[in-house]
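S.K.: Now for the letters of each chain:
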Amino acid sequence: GQNIDQPTEMTATEGAIVQINCTYQTSGFNGLFWYQQHAGEAPTFLSYNVLDGLEEKGRFSSFLSRSKGYSYLLLKELQMKDSASYLCAVSVRRGTDKLIFGTGTRLQVFP
Amino acid sequence: DAMVIQNPRYQVTQFGKPVTLSCSQTLNHNVMYWYQQKSSQAPKLLFHYYDKDFNNEADTPDNFQSRRPNTSFCFLDIRSPGLGDAAMYLCATSSYGTDRYGYTFGSGTRLTVV
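Chains A and B are the protein sequences, given in the same order.
The first sequence begins at 1 in this note's numbering and counts up by one.
The second sequence begins at 1 in this note's numbering and counts up by one.
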């Protein structure tokens, strides 16, 4: 089966750095995504990793280790607007691609 | 702008009364997905279409059906909604093969069952 795990909740202070971890066990791995989702809204794309290593995009970075089934999302210089749920999602391919989501991590940023 | 549009944004239906949610896209993507997301949970894939080929998830209840009359439109039909079907329903699209731009999501339809 497919299994994607993340911490349920995290808290951090404005201006700080936070790392959200994701571990996965899936078949047909075809890339890993991170999405941000504010309450009541649709997920928005943050990052995509298909090869091992770090992808940096402004205040957000994402890391992937395929051999370990592990990824993390790093958020720097936290802002209040970063309070949201962060979803780790793995693309699996069996014929066509489909995106399987982890349980999501709710991040609260405090002043 | 090219996008994925879901209508309506909010839908209230009566217990047991059939309801249809709609999704349209201007991206000309081959694949369209329907996800169900309950409060504080991750989106759960219900089914997807690759062109006209329908792919159902093994644990999707028979109560949920889908239609894709053409590339642009996809519908989610709930034949007899129960209270447990209250959720946000998300439509997403992708071109064939995962690419670095990810899947494009619509704004979702929040379904309330009364």
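Quick caveat, the hints were computed from the structure, so don't treat them as lab data.
Predicted model only: the values in this text are computed from it and were never measured.
Warning: the hint list may mix true and false statements.
To be verified - Below 30 Å or equal to it, Euclidean Cα-Cα: the simulated BS3-like pairs (lysine-lysine) are:
#1 Lys17/B <-> Lys38/B
#2 Lys44/B <-> Lys17/B
#3 Lys57/A <-> Lys76/A
#4 Lys17/B <-> Lys57/A
#5 Lys57/A <-> Lys81/A
#6 Lys52/B <-> Lys81/A
#7 Lys17/B <-> Lys68/A
#8 Lys81/A <-> Lys44/B
#9 Lys38/B <-> Lys52/B
#10 Lys68/A <-> Lys57/A
#11 Lys17/B <-> Lys52/B
As the list claims (entries may be wrong) - Incomplete in silico selection of chain A near chain B, CB under 7 Å:
#12 Phe29
#13 Phe33
#14 Pro43
#15 Tyr48
#16 Leu51
#17 Ala84
#18 Lys98
#19 Gly102
Said to hold, decoys possible - Distance windows between CB atoms, simulated:
#20 Ser39/B <-> Thr13/A: 39 to 45 Å
#21 Gly28/A <-> Thr112/B: 32 to 38 Å
#22 Gln14/B <-> Gly40/A: 21 to 27 Å
#23 Gln19/A <-> Asp62/B: 29 to 35 Å
#24 Leu27/B <-> Met80/A: 47 to 53 Å
#25 Phe15/B <-> Ile17/A: 23 to 29 Å
#26 Leu54/A <-> Asn56/B: 48 to 54 Å
#27 Pro8/B <-> Pro111/A: 32 to 38 Å
#28 Asp5/A <-> Asn56/B: 36 to 42 Å
#29 Gln2/A <-> Asn70/B: 27 to 33 Å
#30 Thr44/A <-> Lys38/B: 36 to 42 Å
#31 Pro111/A <-> Asn28/B: 42 to 48 Å
#32 Lys81/A <-> Met3/B: 18 to 24 Å
#33 Asp62/B <-> Met80/A: 26 to 32 Å
By construction, the Cβ of each residue, glycine as well, lies at the ideal position given by its N, Cα and C atoms.
S.K.: Regarding the pair Lys57/A and Lys81/A, is the alpha-carbon distance no greater than 30 Å?
M.R.: holds (17 Å)
S.K.: Is the hinted pair Lys17/B and Lys52/B satisfied, with a Cα-Cα distance of at most 30 Å?
M.R.: Roughly 27 Å between the alpha carbons, so the hint for Lys17/B and Lys52/B holds.
S.K.: Verify the CB-CB distance for Gln14/B and Gly40/A against the hinted window 21 to 27 Å.
M.R.: holds (23 Å)
S.K.: Close enough to count: is the Cβ of Lys98/A nearer than 7 Å to one in chain B?
M.R.: holds (6 Å)
S.K.: With respect to the beta-carbon atoms only, verify the hint that Leu27/B and Met80/A lie 47 to 53 Å apart.
M.R.: Violated - the Cβ-Cβ distance for Leu27/B and Met80/A, about 32 Å, lies outside 47 to 53 Å.
S.K.: Within 36 to 42 Å: is that where the Cβ-Cβ distance between Thr44/A and Lys38/B falls?
M.R.: With Cβ atoms ~20 Å apart, the hint is violated.
S.K.: Answer holds if the nearest beta-carbon of chain B is closer than 7 Å to that of Gly102/A; otherwise answer violated.
M.R.: holds (6 Å)
S.K.: For Lys17/B and Lys57/A, compute the direct alpha-carbon distance and say whether it is at most 30 Å.
M.R.: Measuring from Cα to Cα gives roughly 46 Å; hence the hint is violated.
S.K.: Check the following: the C-beta atoms of Gly28/A and Thr112/B are separated by a distance inside 32 to 38 Å.
M.R.: Holds - the Cβ-Cβ distance for Gly28/A and Thr112/B, about 36 Å, lies within 32 to 38 Å.
S.K.: Is the Cα-Cα distance between Lys17/B and Lys68/A 30 Å or less?
M.R.: Violated. Lys17/B to Lys68/A sits at ~47 Å, over the 30 Å cutoff.
S.K.: Quick one, are Lys57/A and Lys76/A close enough, alpha carbons at most 30 Å?
M.R.: holds (11 Å)
S.K.: Does the alpha-carbon distance linking Lys38/B and Lys52/B stay inside the 30 Å limit?
M.R.: holds (28 Å)
Of the hints listed earlier, those the structure fails to meet are numbers 4, 6, 7, 12, 16, 17, 20, 23, 24, 25, 26, 28, 30 and 33, in rising order.
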